[in-house]
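There are 2 protein chains.
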Amino acid sequence: MKIGKLSPDLLKSSVLRFEGAKRPEVLVGALLGEDSAIIDMGDQLLAISVDPITGASAYIGRLAVHVSCNDVVSNGAEPFAIQVLLLMSVDNTVEEVEAIMKEISETAREIGVQVVGGHTEFTDKVTEPIIAIIALGKVTRNKLSTSTGAKPGDRIVISKGAGIEGTAILAEEYRDMLSELSETVLDKAARFYDMISIVPEGRIATSQGVRVMHDATEGGVIGALWEVAEASNVGFTVDRDKVPVRLETKAICDKLGIDPLRLLSSGTLIMITPEPDELLSELQKAGIDAAVIGLIEENPERRVIVCQGEEVPVTGPTTDELWRLKSPK
Amino acid sequence: MKIGKLSPDLLKSSVLRFEGAKRPEVLVGALLGEDSAIIDMGDQLLAISVDPITGASAYIGRLAVHVSCNDVVSNGAEPFAIQVLLLMSVDNTVEEVEAIMKEISETAREIGVQVVGGHTEFTDKVTEPIIAIIALGKVTRNKLSTSTGAKPGDRIVISKGAGIEGTAILAEEYRDMLSELSETVLDKAARFYDMISIVPEGRIATSQGVRVMHDATEGGVIGALWEVAEASNVGFTVDRDKVPVRLETKAICDKLGIDPLRLLSSGTLIMITPEPDELLSELQKAGIDAAVIGLIEENPERRVIVCQGEEVPVTGPTTDELWRLKSPK
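Chains B and P are the protein sequences, given in the same order. Here the working numbering is used: position 110 in the first sequence is 112, and no number is missing along the way. Here the working numbering is used: position 48 in the second sequence is 50, and no number is missing along the way.
By construction, these hints were calculated from the structure, which means they are not laboratory data. For every residue, glycine included, the Cβ atom is placed at its ideal position computed from N, Cα and C. Among the hints, erroneous ones may be present.
[To be verified] Footprint (simulated), chain P over chain B, 3 or more residues, beta carbon under 8 Å: (1) 20-32; (2) 136-146.
[Stated by the list, open to error] Think about it this way: if two alpha-carbon atoms lie no more than 30 Å apart in a straight line, the pair counts; the simulated BS3-like pairs of lysine-lysine are: (3) B/Lys24 to P/Lys328; (4) P/Lys104 to B/Lys14; (5) P/Lys7 to P/Lys287; (6) B/Lys104 to P/Lys7; (7) P/Lys257 to P/Lys4; (8) B/Lys4 to P/Lys153; (9) P/Lys104 to P/Lys190.
[Stated by the list, open to error] For the chain B half of the interface with chain P, some residues (derived, Cβ under 10 Å), not all of them: (10) Leu13; (11) Leu48; (12) Val117; (13) Asp256; (14) Leu258; (15) Ile260; (16) Leu327; (17) Ser329.
Please construct the entire structure, taking both the sequences and the accompanying hints into account.
The structure is reproduced here in structure tokens:
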């Protein structure tokens, strides 16, 4: 198999249909487009999500914390704890474990989350450290946001820009191929890691009562929108010219011939809302860039990107541009 | 580093001191000897644990479910949901994903647990499938059991026997070196996988109000007891002759020159209780073998195994016998 997550079709046929027993505590279980499970704990709901970091080497601890906490934030939940699964190769050292745990702990402290154990193991089954973080968040019933809530006519808002995480990874890992770009651009791009938490915009969006939030991870902005559209059984129109693409992202993507809208984009929050104006103004007050990039459509078959007046249909989320670049077959 | 978990000393210095922020929701966070974190969700407590399977190839799905659910059972919690992290090598196929998910789902159904999503990814960072299962259990405050509760004078009871999981793994992976043993013995040993869930004895022990439960994983019965002793700041005396060791385990361990008391033993529940008689009788009624193997001591420095009248001090949990066998340096 190619590197990356399973395609939605394969997920449906090979993973999601295996559900074990049915339990009344489970409000949202295994569903396409839902990154967290939602559990009824009586007074409160628990949002829980797990994400591994396998495709990046720098800031692996920081990334791992943000990516998982972002998932529960997308449910309108307040992340409060993480568990850490750390699989180290036998070539790694205890000092490397310590450095990763320190980074995880510092990142957790920044966003107000406690590290509550986990599992650390040295194994000959991995060639590089793999971190998976399990994020726990709590949310009351009336604040819960899931991917099934998008309605025709809703606006699609995104924060920060397309391809945030991918830009940082490319600036680091493909520096040789990007040598024509200035050092300033590449250094700035590498610092996009600092934008990967969506906790700030997630809190604002939750307080503004948006219908759906979704973190744009693999497959980028278009991949995330596809997942929301599948979960909500709707279509979408995205105006390519309105999608904010940062200068550094554009320079790097142009150079490597990849589409920023389909590039790994942790740090970009997709927000679906009938009333984007107040949301945009609140985000702006907090110093967070955001823009309306399109519209939710009633017809689930209609999923298009409008580009200079022409409609390009989106036929399904393809492999993330980052994986395409790494294994171009 | 050698294959396996970090030693307790290294854990303390390199992992457990990194705690992120402090949160009031967290009742039990990162502690030696506690396999689950305990979270206050208002009405109920949540027990959550993550365990990867990296050292076994057969029944990997079934093992993964049991090992993680066992952890939350040890807290007196009722497991109700699992999340699945599945990291497949690029040489694996979608059919292999499906077979693993099917096995996970069937095992979950057997113990009444729902599969609530997770993450499946193909990556070039692993050489074989790695499964990590996150188990969620719920428990009321008065039923909570943690490893800190052992008191001097308490009896140490174990279920089934020492080295249950390790026996099954050795019978499969070391069949060549064990060819002098009969096929019948080896086949029976390989079926020890069927004993790996401690859900049945855990429910009984919880209803009997035992003080501490602990699943004997890496480091076996002695490793688990060491963790409990550390967490409770006590010592222990174990009478080697009283530790049930099944015929198949004894035959295999003798042949390979390893100590069954320090062999991977998921499926063996350590129960610490002041009143073992009723517990033993209830376990017997349910058809579960169990025995009193020793005593909790007041002096934390006194941790000994009594063997034919002689006291052998336990100076610390060593590497699991399985890892010692695999990398004998």
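Status of the hints after comparison with the structure:
1. For a cut-off of 8 Å, the count of residues in the region 20-32 of chain B with a CB near a CB of chain P stands at 11, and the three-residue condition holds.
2. Judged by the Cβ-Cβ criterion of 8 Å, the region 136-146 of chain B is covered by chain P as claimed, because 3 of its residues qualify and three suffice.
3. This hinted pair does not check out: B/Lys24 and P/Lys328 have alpha carbons roughly 40 Å apart, beyond 30 Å.
4. Of the supplied pair hints, the one linking P/Lys104 and B/Lys14 holds, its CA atoms being roughly 13 Å apart against a limit of 30 Å.
5. With a CA separation close to 36 Å, the supplied pair P/Lys7 and P/Lys287 exceeds the 30 Å bound.
6. Restraint check: the Cα-Cα separation between B/Lys104 and P/Lys7 comes to about 18 Å, which is no more than 30 Å; the hinted pair holds.
7. Pair hint P/Lys257 plus P/Lys4 holds up; C-alpha atoms about 24 Å apart against a cutoff of 30 Å.
8. A hinted pair counts as satisfied when its Cα atoms are at most 30 Å apart, and B/Lys4 with P/Lys153 does not qualify at roughly 54 Å.
9. Simply put, P/Lys104 and P/Lys190 have alpha-carbon atoms about 24 Å apart, close enough for the 30 Å limit, and the pair holds.
10. Nearest Cβ of chain P to the Cβ of B/Leu13: about 7 Å, under the 10 Å cut. The hint holds.
11. The closest approach between the C-beta of B/Leu48 and any C-beta of chain P is roughly 6 Å, which is under the 10 Å cut-off, so the hint is satisfied.
12. Below 10 Å, beta-carbon pairs count as interface contacts, and B/Val117 has one with chain P at about 4 Å; its hint therefore holds.
13. The closest approach between the C-beta of B/Asp256 and any C-beta of chain P is roughly 27 Å, which is over the 10 Å cut-off, so the hint fails.
14. Hint status for B/Leu258 relative to chain P: violated, with the closest Cβ pair at about 20 Å, above 10 Å.
15. For B/Ile260, the interface hint is violated, the least distance from its beta-carbon to any beta-carbon of chain P being 20 Å, above 10 Å.
16. Hint status for B/Leu327 relative to chain P: violated, with the closest Cβ pair at about 14 Å, above 10 Å.
17. Given the 10 Å rule on beta carbons, the hint for B/Ser329 holds: about 8 Å separates it from the nearest Cβ of chain P.
In summary, the numbered hints that this structure violates are 3, 5, 8, 13, 14, 15 and 16.
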